[in-house]
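**Q** Read off the chains here:
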Amino acid sequence: MDGNGEGVGAGASHAELARVVREHAGRLAVSLMHVTGDFGTAEDLVQDAVVTALRRWPTEGIPERPDAWLFTVARNRGLDVVRRESNYRSKLAQVQWPVQPEPDERLRLIFTCCHPALPRPAQIALTLRVVCGLTTAQIARAFVVPETTVAQRITRAKRKIADAGIPYRIPDPDELNPRLGEVLAVIYLLLNEGYLPTAERAESRDLVDDADWLATLLHHLMPTEPEVAGLLALIRLHRARIDARFDPDGGLVLLEHQDRSRWNHQAIADAAQLVAHAARQRKPGPYQLQAAIVACHAEAEDWADTDWEQILLLYDMLMHLAPSPITRLHRAVALRYTAGPRAALDELDTLADALDRYHLYHATRAELLRALGHPHQARAADERALALTANPAEQALLQHRISWT
Amino acid sequence: MKYVLLFVEPEQYAADLAAMDQPDRDRAFMLVGQWFMENADKVRGGSKLRPPDTATTVRMDGDGDPVVLDGPFVEGKEVVSGYTEVEAADLDEVLAIVKTWPGCPVVEIRPLES
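First to last, the sequence lines map onto chains W and B.
In our numbering, each number is its position in the first sequence, counted from 1, plus 283.
In our numbering, each number is its position in the second sequence, counted from 1, plus 294.
The hints are simulated quantities; they were obtained by calculation from the structure and are not laboratory data.
Certain hints may be false.
Stated by the list, open to error - With a cut-off of at most 25 Å between alpha-carbon atoms, the simulated BS3-like pairs for lysine-lysine come out as follows: (1) B:Lys-371 with B:Lys-393; (2) B:Lys-336 with W:Lys-443; (3) B:Lys-371 with B:Lys-342; (4) B:Lys-296 with B:Lys-393; (5) B:Lys-296 with B:Lys-342; (6) W:Lys-443 with B:Lys-393; (7) B:Lys-296 with W:Lys-443; (8) B:Lys-336 with B:Lys-371; (9) B:Lys-371 with B:Lys-296.
To be verified - Which residues of chain W face chain B? A few of them, derived with a C-beta cut under 8 Å, are: (10) Ala-400; (11) Pro-404; (12) Asp-446; (13) Ala-447; (14) Ile-449; (15) Pro-450; (16) Pro-454.
As the list claims (entries may be wrong) - Computed beta-carbon distance windows for the label pairs: (17) W:Leu-537 with B:Leu-311: 48 to 58 Å; (18) W:Ser-373 with B:Asp-335: 29 to 39 Å; (19) B:Asp-310 with W:Glu-458: 50 to 60 Å.
In this text, a Cβ means the ideal position worked out from N, Cα and C, and glycines have one as well.
Kindly produce the complete structure, drawing on both the sequences and the hints.
**A** What follows is the structure, given as structure tokens:
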């Protein structure tokens with residue numbers, strides 16, 4: 284197109300296409316914002332260019348300058364869309380790529396997508412579409428929801444951005460912490476969503492990869508924010524051990540039984556250093572603490588070598604900063620190895636109401652009951668856990684435990 | 295952009311205010327007055343409303359003639375107790391001033407059309 288030449292030959296893999304699109308989608312959105320000044324229009328044009336690229340690149344090959352290619356598609360489409368508004372049109376017709384090079388303005392984009400006046404699902408969908416260049420169909424598949432649902436969320440969010448005057452800018456310093464919290468929550472949800480692949484998701488987008496990419500970008504744009512580094516470290520620590528979490532048949536392997544030689548120890552060391560570096564700022568936060576806890580596990584030679592005292596201490600700090608029943612549940616596991624299963628079970632009993640519908644609560648109870656010599660009660664707890672999870676890998680593990688222990 | 299702030303009072307808030315002694319109540323009103331002064335550059339008018347038991351609602355959504363009813367159109371434990379129109383560059387500016395509002399504990403921000 285337009286003499287941009289051909290780059291990578293036809294037949295590029297989906298992953299490669301996704302990677303190239305993601306590298307350029309946010310920058311394209313920023314440039315289009317610059318030209319049109321309208322978030323909704325810019326977002327539409329990005330999506331259109333992405334869909335066109337994903338249709339044509341598999342046969343035509345990825346162009347040598349994907350950014351210029353995408354921009355040309357977006358601009359031509361834009362000229363079509365805004366035909367009636369001559370002002371707009373002449374402005375758009377005159378712009379040349381690149382519209383405005385550095386500095387990277389994607390931070391403004393991210394903060395707009397994750398504005399607290401938008402509901403969380405819309406924040407996620409917008410961020411994935413406009414910053415990471417996912418299509419509506421890809422988002423729908425990744426979250427196992429109908430495509431029309433995602434499309435509606437996007438439409439409503441864009442209408443609200445325009446009608447309620449949600450600004451396109453980086454928040455003021457006194458607002459930055461809570462606003463950054465919204466962005467980090469969105470990335471954290473992508474990590475959680477991608478944590479346990481389900482059968483339906485096996486062929487779909489790896490959201491953990493997007494979480495990693497977003498956190499890396501954010502860390503690059505805000506290098507001094509310790510919580511950003513903490514979340515990035517958390518994601519990296521997770522990915523460094525991902526291969527060991529499943530056996531050859533796709534069954535889930537619990538941390539205790541994982542083959543630690545299959546972990547990426549270099550990546551673990553890098554991530555541990557990242558979180559240690561962040562901690563030197565003495566501004567602890569939930570993501571740094573979670574990363575520090577995971578680092579304790581990841582750096583242990585084996586299960587028996589785990590520094591449970593340190594982990595318990597970190598959980599105490601986490602409970603202080605961000606108390607939640609789930610955190611108390613995790614803390615109880617550390618308590619088992621420092622104070623014994625009886626103390627851990629007593630702690631769990633106080634969570635009975637809050638976590639009655641949470642499968643890991645019952646699965647943890649089962650383990651403790653088994654350790655205390657109550658196999659029948661343990662089996663009942665495992666059965667309760669089994670009834671509460673929809674994830675096939677977790678179901679298989681619990682089924683195995685019910686049958687064999 | 296123009297917005298209307300709808301000030302919302304839960305029942306408890308109204309009761310607490312009524313139970314205050316005079317100096318405390320004066321202080322509460324003074325803080326609200328101060329807020330309006332500090333944000334005078336954005337405030338374009340508005341008023342406190344009389345209580346919901348003074349409201350009259352006319353329904354024209356039935357088959358017959360308009361029906362006049364005693365009370366607010368929606369009965370609830372939280373009632374709109376006042377409104378003010380503000381003009382600001384964007385929602386973040388409005389959020390910033392609303393977060394310093396010293397009166398009732400709930401405020402709804404609604405952008406105006408046009």
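**Q** It remains to establish, for every hint, whether it holds in the given structure.
**A** Verification of the supplied hints:
1. Simply put, Lys-371 of chain B and Lys-393 of chain B have alpha-carbon atoms about 22 Å apart, close enough for the 25 Å limit, and the pair holds.
2. Between Lys-336 of chain B and Lys-443 of chain W the CA atoms are separated by roughly 22 Å; this keeps the pair inside 25 Å, and the hint holds.
3. At roughly 18 Å between alpha-carbon atoms, Lys-371 of chain B and Lys-342 of chain B fall within 25 Å of each other, so this suggested pair holds.
4. Distance check on the hinted pair: Lys-296 of chain B and Lys-393 of chain B sit about 18 Å apart at the alpha-carbon level, within 25 Å; holds.
5. Restraint check: the Cα-Cα separation between Lys-296 of chain B and Lys-342 of chain B comes to about 19 Å, which is no more than 25 Å; the hinted pair holds.
6. The hinted pair formed by Lys-443 of chain W and Lys-393 of chain B meets the criterion: a straight-line CA distance of about 20 Å does not exceed 25 Å.
7. A distance of roughly 14 Å separates the Cα atoms of Lys-296 of chain B and Lys-443 of chain W; the hinted pair therefore holds under the 25 Å criterion.
8. Taking the CA atoms of Lys-336 of chain B and Lys-371 of chain B, the gap is near 30 Å; set against the 25 Å cutoff, the hint is violated.
9. Restraint check: the Cα-Cα separation between Lys-371 of chain B and Lys-296 of chain B comes to about 28 Å, which exceeds 25 Å; the hinted pair is violated.
10. For Ala-400 of chain W, the suggested interface contact is upheld, since its CB lies about 6 Å from the closest CB of chain B, less than 8 Å.
11. For Pro-404 of chain W, the interface hint is violated, the least distance from its beta-carbon to any beta-carbon of chain B being 19 Å, above 8 Å.
12. For the restraint placing Asp-446 of chain W at the interface with chain B, the shortest Cβ-Cβ distance is roughly 6 Å, inside the 8 Å limit, so the hint holds.
13. Look at Ala-447 of chain W: its Cβ gets to within about 5 Å of chain B, closer than 8 Å, so that hint holds up.
14. With a least beta-carbon distance of about 5 Å to chain B, the hint placing Ile-449 of chain W at the interface is held under the 8 Å criterion.
15. Taking 8 Å as the C-beta cut-off, the interface hint given for Pro-450 of chain W holds, the closest approach to chain B being about 4 Å.
16. Given hint, Pro-454 of chain W at the interface with chain B, holds; its Cβ is 7 Å from that chain's nearest Cβ, closer than 8 Å.
17. Under the hint 48 to 58 Å, the C-beta atoms of Leu-537 of chain W and Leu-311 of chain B, about 56 Å apart, fit the expected range.
18. At roughly 36 Å, the beta-carbon separation of Ser-373 of chain W and Asp-335 of chain B lies within the given 29 to 39 Å, and the hint holds.
19. Asp-310 of chain B and Glu-458 of chain W have their C-beta atoms about 29 Å apart, which leaves the hinted 50 to 60 Å range violated.
Checked against the numbered hints above, the structure violates hints 8, 9, 11, 19; every other hint is satisfied.
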